[in-house]
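> So the sequences go chain by chain: A and B.
First residue of the first sequence: 1, per the UniProt record's numbering; consecutive thereafter.
First residue of the second sequence: 1, per the UniProt record's numbering; consecutive thereafter.
Derived by calculation from the structure, the hints in this document are not laboratory data.
Quick reminder that beta carbons are idealized off the backbone N, C-alpha and C, glycines included.
Careful, some of the hints might be misleading.
[What the hints assert, rightly or not] Over the 12 Å line for every Cβ pair with chain B, so calculated as not near, a few chain A residues:
#1 A32
#2 P34
#3 Q68
#4 N244
#5 S247
#6 A276
#7 I384
#8 P449
[Unchecked claim] Chain A stretches covered by chain B per the calculated footprint, using a threshold of three residues with CB under 8 Å from any CB of chain B:
#9 180 to 194
#10 298 to 306
#11 410 to 416
[Said to hold, decoys possible] Beta-carbon label-pair distances, calculated as ranges:
#12 B/S63 x A/G418: 30 to 36 Å
#13 A/N236 x B/A148: 24 to 30 Å
#14 A/P410 x B/A88: 25 to 31 Å
#15 A/R295 x B/S63: 29 to 35 Å
#16 A/R270 x B/Y82: 46 to 52 Å
#17 B/A88 x A/G187: 44 to 50 Å
#18 B/R40 x A/G418: 35 to 41 Å
#19 A/N244 x B/S37: 49 to 55 Å
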Amino acid sequence: MTLPGFGISRRHVFAGAGGSIVASLLPEAVLAQPTTVIDVTRARTDPVPIAVPDMAGAGPDAQRMGRQIAQVIQANLRNSGLFRPVDRQAFIQTPEAAAATPRFQDWRVIGAQALTTGRVEASGDRLRVEFRLWDVLPEQQLQGTAFTAPAAQWRRIAHLISDVIYERLLGEKGYFDTQIVYIAESGPRDRRTRRMAMMDQDGENHRFLTDGSFQALTPRFHPTARQVAFMSYFRNEPRVYLFNLDSGQQQVLGSFGGMTFSPRFHPDGRSVVLSASRGGDANIYSVDIGSRRERQLTSGGSLDVSPCYSPDGTQIVFNSDRGGDQQLYVMSADGGGARRISFGNGRYATPVWSPRGDLIAFTRISGGQFGIGVMRPDGSGERILSEGWAMEGPTFAPNGRVLAFYRETPARDARGGGYSSTLSQIDIAGFNERRMVTPTDASDPAWSPLLS
Amino acid sequence: MNIKLLGALAALTLLGACGSGTDTAGAAGGGAATTASGPRPGSQEDLVANVGDRVLFDTDRSSVRADQRAILERQAAWLGRYPQVQVAVEGHADERGTREYNLALGQRRANAARDVLVAGGVASARIATISYGKDRPAALGSDETAWAQNRRAVTVVR
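Using the sequences plus the hints, can you model the full thing?
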């Protein structure tokens, strides 16, 4: 796995399903800082112009792979709303020549501020991709990395490169080497089939995880992204299950006498917080995954649902009707000191804590409209990002900059015609809302942590 | 012998439905097996036709409405006549709420209906409860008429 001919100063191994990817820093990489300081806030109003030519390659296989990798990178960057890929028709220098030595004048004149170049070597089912990121104005290399991986992993290489570009140019971690787990919905609404499904964040590599013989709802990723907690109606007993993504094995987690639902992992991955309905109420419990020991965190006759830990694991935000209608509350992770944080107009639900810790995203139902919004953990600074007839279930990308959620359209007639349920994503500043394409209707998205 | 005959009749009914190209949604159990002599006593069809299988709730409420209580009391009396029958009370919510909260609300409605049945003398061991939240509407429209029908607890013979 070493790379002959290169003085390896840094080496990363990205493990995951389908074989590991080795990334090594190329020797010429001096790790210069971008001369123009760009941050996410500035890029929202002024997206970074970047040229992403095809990667060069010797032979048709390598060339095809180089083109596909560049296309995935370009789509990732464009979809983030923070980059503006330069029109490929305008390119002057060929990808082959640029991969050898970029002629910066050629890229400057077409308005590119950043440039990526690369070279692909394909031998058998192995792939080696050399990638460089350039700051066009000062004519400086910002990054040089070589990736070695099974050819089947080429999309992950493209996502890893996209994350490198995002981080080097914006100074924050990206979110492209991630997956979305969600509920695929089909059939009429009174007899809906709901299957758990998973895909890359860009909709590729889609696969179903359950077969639809029982209803699956509300999947959520383990911090390692190798496991999912979800609600299953297996044998018509609604319970929280764990789904192992490597083995496909499912095991019941929340089995204590009634319905268990709305699971979320503790940030340490060793326990799950969930709601359990034993009588007419719903209370919050934490369940240790190893011992299956449960611990009751709330009590009383109210409906306490949708608990979610703060990223440091010390607090839990949840949804309760204890004050009359649905509002958001924050309590300590052992269940004490609950205080209400939502005070705006309407009912509040489905709170999720940003991985950055700075915001809580939620659903608000007000005046017959649903909205997705964010507020600070003390309840201040509330902003509604998107509103419509129905939308709910926000989930943060691992860098806390983008939310995915699901949106529904109303039925036009008594037979349910016109109803739809689709996934969307939106920047937490409330711009760049995009529909996420899925093979069927969809709900309950959950964004994975970075896979590497 | 009678059961065999009923089965044959039901099959004929289904064939007829297929031939006419309509979808009678046999899975819904809406009375496809009825004959001239009426539904089999103690069956779901009997409950639907002669007692009423469901009660409706107000928005975001789970207390049994005064105008719905009599239906549950009739159900309790009916269950008293058929002591071998076991039921599940299925709680539901309309689509104007979030999924997880509506699961809890549906469970609370199922429990409220169950409590009236138990108060009417039905052994609690005979009654299971389950919630489907907003995920199994009875009416498929997106208006107040549909929502009123979907905020419900349905008693289902197991």
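> Could you run down the list of hints and mark each one as holding or not?
These are the hints, each one checked on the structure:
| no. | hint | result |
| --- | --- | --- |
| 1 | A32 | 48 Å, holds |
| 2 | P34 | 42 Å, holds |
| 3 | Q68 | 37 Å, holds |
| 4 | N244 | 23 Å, holds |
| 5 | S247 | 27 Å, holds |
| 6 | A276 | 10 Å, violated |
| 7 | I384 | 15 Å, holds |
| 8 | P449 | 22 Å, holds |
| 9 | 180 to 194 | holds (count 6) |
| 10 | 298 to 306 | holds (count 3) |
| 11 | 410 to 416 | holds (count 7) |
| 12 | B/S63 x A/G418: 30 to 36 Å | 33 Å, holds |
| 13 | A/N236 x B/A148: 24 to 30 Å | 26 Å, holds |
| 14 | A/P410 x B/A88: 25 to 31 Å | 30 Å, holds |
| 15 | A/R295 x B/S63: 29 to 35 Å | 31 Å, holds |
| 16 | A/R270 x B/Y82: 46 to 52 Å | 49 Å, holds |
| 17 | B/A88 x A/G187: 44 to 50 Å | 22 Å, violated |
| 18 | B/R40 x A/G418: 35 to 41 Å | 39 Å, holds |
| 19 | A/N244 x B/S37: 49 to 55 Å | 53 Å, holds |
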